[in-house]
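Engineer: Protein chains in written order, with the numbering used here: chain X, 1 to 262; chain S, 1001 to 1308.
These are computed hints drawn from the structure, not numbers from a lab. Cβ atoms here follow ideal geometry from the backbone N, Cα and C, with glycine treated the same way. It is possible that some hints are incorrect.
From the structure, some residues in chain S lie toward chain X, with a derived Cβ separation under 10 Å [stated by the list, open to error]:
1) L1097
2) R1129
3) R1133
4) Y1195
Pairs of lysine to any residue residues, derived as SDA-like cross-links and limited to a Cα-Cα distance of at most 25 Å, are as follows [to be verified]:
5) S:K1183 to S:S1238
6) S:K1142 to X:M23
7) S:K1183 to S:H1211
8) S:K1142 to X:G61
9) S:K1142 to X:F93
10) S:K1142 to X:H99
11) S:K1142 to S:P1155
Some chain X residues judged to face chain S by a derived CB distance under 7 Å, without partners named [unchecked claim]:
12) N21
13) R96
14) S183
15) A212
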Amino acid sequence: MLTRVLPSFGSRRSWRVFERNFMVYRTQWLMLVSGFFEPLFYLLSIGIGLNRLVGTIDVGGRPISYAAFVAPGMLATSMMNGAVIDSIFNTFFRLRISHAYDAVLSTPLDVTDVALGEVWWALARAAVYSASFLVCMTLLGDTVSAWVILCWPAALVVSLAFSSLGLAATTYIRSWQDFDLVSLVQLPIFLFSATFFPISVYPRWLGALVAASPLYQAATLMRGLGLGQFSWVMIPRLAYLVALGAVGLTIAARRFRRILVP
Amino acid sequence: MSETILEAHGLVKRFGDFEAVRGIDVSIARGESFGFLGPNGAGKTSTMRMISAVSAPTSGSIRIFGLDPTTDGPAVRSRLGVVPQEDNLELELSVRLNLEMFGRYFDLPRRVIRERTRELLAFAQLSERAEDRVDDLSGGMKRRLTIARALINQPELLILDEPTTGLDPQARHLLWDRLYRLKRDGVTLIVTTHYMDEAEQLCDRLVVMDHGRIVAEGAPRALIEQHSSREVVELRFSTDSHEEFLDVLAPFAPRVEALPDRALLYVDDGDATLHDIHASGLTPASALVRRSSLEDVFLRLTGRTLVD
């Protein structure tokens, strides 16, 4: 899809980067397993734990359990964390430490293939993790509508946005110390994006700020789909996430070019 | 006249205000072993990156295989092998997977990759280490693997940036031997080095670079004949400055150079000169007569030694 939208960006060769990552991760199965358990831990701790305290809440005139309210937001959060951690740590390693990308660029692949290939990989991971999340969610009884299945493709869009932004952010990281800066951005996004509570708790001006957070848009989109409460606002939300993905990818490729082939 | 495999005219590479390469012209024939010689910072690596179709020149033109790498990058790179200065192997993968994955980047069929991987493992003397992680290999082994990896697409032109820097003498000789074999098989080699002996061993023809420019070009022996004397007498005195001895030594040779640790006399008959020096009552702490080398050519052309 992306190759068609952005015709000059990347080529079929970008799949080789996906293949390379797959080869590496085959030897690091522990990482894949941890990605599988992460959603389960989220659902168990926040879902079951807080569910006791909060009980039911009212969404769109309908009372639902807190666990059902928070689970789609957790899925969005898990997509963000997975995409950011993967692109930041692994891309940083290949870009600045092992210089593996330099080797790739001496082959027919170019920088746009590398950037796009990393995103393909992030999307594939997201497809597996979000599916396992949705299965866990269903088994724990936190789904209230069959429309929750739409959270799966939506999770890919969320992952596209965050992995592209993560990729772009990684190119600005110069040393391991800079990772603290990433946490400094990621943590408030995680805590204040109205994933655990409705945005209506904020005063109006703060709400406007929170609305700019991609995680808020992602969580709200997921919640709507998960509860089967559709609205036209979902379209701009989706468009916002896709636009962030495109911007992130463009910046990433430009920065890659600057760093790798000056 | 044999076929030209690479041709560059007026090649310039600028990084901001810094001009790393300041207008060089080279033409390399198929089957030739060509060297770029020069100290660190002479512009060799920037030149290599341009002729590997990786980084675009600021100005000037390059044709490789008759193609323009700035527009036909993937087509050019598919026929090149590149051995970078720093090993950039996949540390998380095994030796075998490093080769196999590289073959995939070139879109080679799996069957071909398997066959070539087996041959290249033998070529690099790494067959026994095939399943080991790259992290566990010695420096020389990593270097050989990097070279083997660059050969997975059977390149017509192999570009090596300081292939033996940091290796012990034994590992260097093994690498040189592998490079001779490739040359014998008709692969065109382009090598950068700041080791004189390496250039003399490997290159049919070379250019000497300094401050982004080519200062001399020719076959190693021809360059020595042209820019240096037949022999060199090296003298060490117990002194803080060999400059002090320039006047005293001047009558013994047409040209005398003072380095921080020794004085060099460029002469035709080293033994005779040394005899004259001893006869005059001078007492150097040590004395050595040797043949002229590319190092002397470089010193003559730039006034500096290659490895500081």
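Engineer: Against this structure, judge whether each hint is valid.
Structural biologist: A quick look at each hint next to the structure:
1. L1097: Hint holds; L1097 (chain S) Cβ to chain X Cβ min 6 Å, cut 10 Å.
2. R1129: This interface hint is violated because 16 Å lies over the 10 Å limit.
3. R1133: Because about 9 Å separates R1133 (chain S) from the closest Cβ in chain X, which is inside the 10 Å limit, the hint holds.
4. Y1195: Violated. Min distance 23 Å.
5. S:K1183 to S:S1238: Violated. K1183 (chain S) to S1238 (chain S) sits at ~46 Å, over the 25 Å cutoff.
6. S:K1142 to X:M23: 20 Å, holds
7. S:K1183 to S:H1211: 30 Å, violated
8. S:K1142 to X:G61: 66 Å, violated
9. S:K1142 to X:F93: OK: K1142 (chain S) and F93 (chain X) at ~19 Å, within 25 Å.
10. S:K1142 to X:H99: 14 Å, holds
11. S:K1142 to S:P1155: Roughly 20 Å between the alpha carbons, so the hint for K1142 (chain S) and P1155 (chain S) holds.
12. N21: 10 Å, violated
13. R96: It is violated, given that the least Cβ distance between R96 (chain X) and chain S is near 12 Å, above 7 Å.
14. S183: 25 Å, violated
15. A212: 35 Å, violated
In this structure, the hints that do not hold are numbers 2, 4, 5, 7, 8, 12, 13, 14, 15, in rising order.
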